[in-house]
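Enquirer: My request is simple: use the sequences and hints to build the entire structure.
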Amino acid sequence: MEKRLNILEEIAAKTRERVAEAKNKVSLEEMKQQAESLNAETGFPFENAIKKGSLSFICEVKKASPSKGLIAGDFPYVEIAKEYEKGGASAISVLTEPYWFMGSNEYLKEIRAAVDIPIIRKDFTVDEYMIYEAKVIGADAVLLICAILDDDSLKKYMQTADKLGLSALVETHDEEEVNRAVKAGARLIGVNNRDLRNFTVDINNSLRLRNLVPDNITFVSESGIKGEKEIRELAQGKVDGVLIGETMMRAGESRIETLKSLIKAGQI
321 MEKRLNILEE IAAKTRERVA EAKNKVSLEE MKQQAESLNA ETGFPFENAI
371 KKGSLSFICE VKKASPSKGL IAGDFPYVEI AKEYEKGGAS AISVLTEPYW
421 FMGSNEYLKE IRAAVDIPII RKDFTVDEYM IYEAKVIGAD AVLLICAILD
471 DDSLKKYMQT ADKLGLSALV ETHDEEEVNR AVKAGARLIG VNNRDLRNFT
521 VDINNSLRLR NLVPDNITFV SESGIKGEKE IRELAQGKVD GVLIGETMMR
571 AGESRIETLK SLIKAGQI
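When you line the sequence shown up against my numbering, it's residues 321 to 588, in that order.
Distance ranges between label pairs, derived from CB positions:
{"id": "1", "residue 1": "Gly373", "residue 2": "Ser574", "range": "23 to 29 Å"}
{"id": "2", "residue 1": "Lys429", "residue 2": "Asn326", "range": "29 to 35 Å"}
{"id": "3", "residue 1": "Gln479", "residue 2": "Gln556", "range": "33 to 39 Å"}
No wet-lab data here; the hints were simulated from the structure.
Every residue gets a Cβ at the ideal spot worked out from N, C-alpha and C, and that includes glycine.
Expert: Structure below.
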């Protein structure tokens with residue numbers, strides 16, 4: 321657990337520095353006012369898109385990651401997002417963390433202007449400021465990672481997101497975090513299949529933890545999903561959605577066909 325928390329804490333610490341710099345440009349009060357001036361009903365309903373019945377696909381726009389390094393040297397992020405929409409994705413995940421994932425708020429803004437499906441801002445939310453900021457840049461949902469948030473912060477951030485009309489995907493990795501997410505009242509729970517202590521991936525982590533999540537909570541499997549075999553296993557395991565990144569990013573010119581094949585595999 322220590323090693324896993326270390327990398328998350330390292331990213332979280334750097335993110336706190338980012339937020340402090342951002343507040344020097346636009347204060348918390350200003351960002352809050354900008355976010356609250358936007359109608360909570362604007363945007364696209366992320367939660368409803370994932371709860372549609374058959375296995376839903378959240379496809380990720382990701383240039384790099386700590387486990388894989390540079391994934392996409394050539395990175396036409398808007399075109400990639402359009403291909404996801406054309407291929408049948410229910411939603412798009414956009415990385416905005418700049419150091420480990422080479423993400424950017426600008427990527428999300430431009431993608432928001434180009435697609436008509438929900439977008440989740442994939443970042444390491446360590447401050448309420450980031451939730452207001454997510455609304456302002458056009459996100460429909462935010463990621464809240466249990467491992468870097470205490471119970472009070474988790475509940476507070478979920479409430480703030482809800483007030484702004486944003487969904488909150490609460491990410492977990494083990495039984496304790498799943499129980500914390502359920503207790504906090506999460507409506508969307510994700511399980512990360514990647515163990516950040518050693519970057520190994522085990523799809524069974526989602527299948528094992530699925531039983532701890534009540535059926536009225538939408539359940540998403542995240543990370544390490546490579547092909548149709550895993551998709552079928554997850555669909556059979558009553559998973560509601562999958563977040564799939566590297567596989568789609570590396571699909572290149574066959575991205576639309578790859579996504580359509582995976583969606584078909586999930587229709588059991």
